[in-house]
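S.K.: One letter stands for each residue in the lines below.
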Amino acid sequence: MERVASATPSPIAHSVRGLSDRAIAWVFVAPTIFLLLAINIFPLIWTIQLSFTNYKANRIGREVKNVGLRNYERILTDTDIWLNMQATAHFLFWTIALQVLIGFALAWLINKKFKGNDLWTTIIVLPMMLSPAVVGNFWKFLYQPQIGLFNYIISFFTGVEPSSFQMLGQVNLAPWSIVIVDTWMWTPFVMLICLAGLRSIPDYIYEAAEIDRASKWRQFWTITVPMVMPFLMLAVLFRGIENFKMFDLVVQLTGGGPGSTTELTSINLKREAFEKWRTGYASAYAIILFVTVFGLASIYVKALNKVKER
Amino acid sequence: MTGFIRGVFRFRRGPWEMLATILIALGVFMLMQPFMMWAYTYSFITTLVGTVMFIIVSHFPE
Chain A
1 MERVASATPS PIAHSVRGLS DRAIAWVFVA PTIFLLLAIN IFPLIWTIQL
51 SFTNYKANRI GREVKNVGLR NYERILTDTD IWLNMQATAH FLFWTIALQV
101 LIGFALAWLI NKKFKGNDLW TTIIVLPMML SPAVVGNFWK FLYQPQIGLF
151 NYIISFFTGV EPSSFQMLGQ VNLAPWSIVI VDTWMWTPFV MLICLAGLRS
201 IPDYIYEAAE IDRASKWRQF WTITVPMVMP FLMLAVLFRG IENFKMFDLV
251 VQLTGGGPGS TTELTSINLK REAFEKWRTG YASAYAIILF VTVFGLASIY
301 VKALNKVKER
Chain B
1 MTGFIRGVFR FRRGPWEMLA TILIALGVFM LMQPFMMWAY TYSFITTLVG
51 TVMFIIVSHF PE
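These protein sequence lines are chains A and B, in that order. Quick note: the first sequence uses our numbering, first residue 1, plus one each step. Quick note: the second sequence uses our numbering, first residue 1, plus one each step.
One chain only, chain B, in its complex shape:
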């Protein structure tokens, strides 16, 4: 866990890609879940942020 946090602060690709992946997965879940309308409403922006973040952080050093 400390390695992960250190990686985030040092802008390393691994932990940032993990964060972006979590955001994308969360966005897709929010888009398709049958429970909360507000989650559906904010799903697109979550996925979009995750996807843009993934493109940016994939250029970070290992």
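Looking at chain A on its own, in the form it has when it is part of the complex:
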């Protein structure tokens, strides 16, 4: 120990010896705090400040005026943005509902021990590992009305002409096309969370229920569902937050069209900020979305702590 201490160059050893433990801890933590302030906190505060102005990032020399709460007022009374919120709500509701139902069903099946269990789990989890850009392009080909496989499969089951409908080009079908792709990609994630929940239920609870002659149906509703519920809540919140911010997949698939039927809030925000260059207005829009996601994230953390307590 003495040899190590004596190996330290004397000026450094002297200066370190002069610092208290608390000061040394601060020296180590300071770079992280500085980076956090520079990368997260400063842009956030700047965005809040810009949201009260009429700043345009493409007109540098223009006088920036303080407009108070006018940007927020305009966003929250704009019927087009309200429609974008509804498109986002449609996307959120159906993706979460389908992913929870299919994810739970798959987890239930995978939890039954059978031959090739691990192989099937790997195959099911594959879509989740792909890049959203790749998935978007891949499904764009599948949805092609002339050569796409999707239309042929629908045609096989329903008898309608494969070229008689366009999943990405029709106003009534385009919102469903993005729901299908997101469900295909992210159901495995929900399945994994449900599987963790199902595997955390001890066997002796089911054995006790068997002794009490509870039916399988009763066991499912009184043991399985309540014990998996915190995990399901976690999956719902996580997917909810992620899908509220959905951008890449939808841009690749529909680009927000036809019209603005699949223009989710994040796509609309990008248009306001980088196509119309209304930076102040877009900053207010971003703050509204940020507060919403932050609120949902607070509930998410609370749910996570509940799961940890179990």
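These are computed hints drawn from the structure, not numbers from a lab. Treat the hints loosely; a few may be bogus.
Unchecked claim - From the structure, some residues in chain B lie toward chain A, with a derived Cβ separation under 7 Å: (1) Thr21; (2) Thr41; (3) Thr47; (4) Phe54; (5) Pro61.
Just so you know, even glycine gets a beta-carbon here, dropped at the ideal spot from N, CA and C.
Got chain A sorted already, so can you dock chain B onto it with the hints?
M.R.: Just chain B now, with coordinates in the frame of chain A:
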């Protein structure tokens, strides 16, 4: 229910967090519902109040 009300008056974390969570969920619903424009208009302030409240009440004693 009486435990909940007692917790609210004694500034306990559980019931206050529950109230904040309800406000946030209500705000998010108001933001995305297709029925009433006024609900959309007041959604942001509801979510903001809920979120700030959540941050404050998470420091209350258990």
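S.K.: State the violated hints by number, sorted upward, taking the hints as numbered earlier in the document.
M.R.: 5
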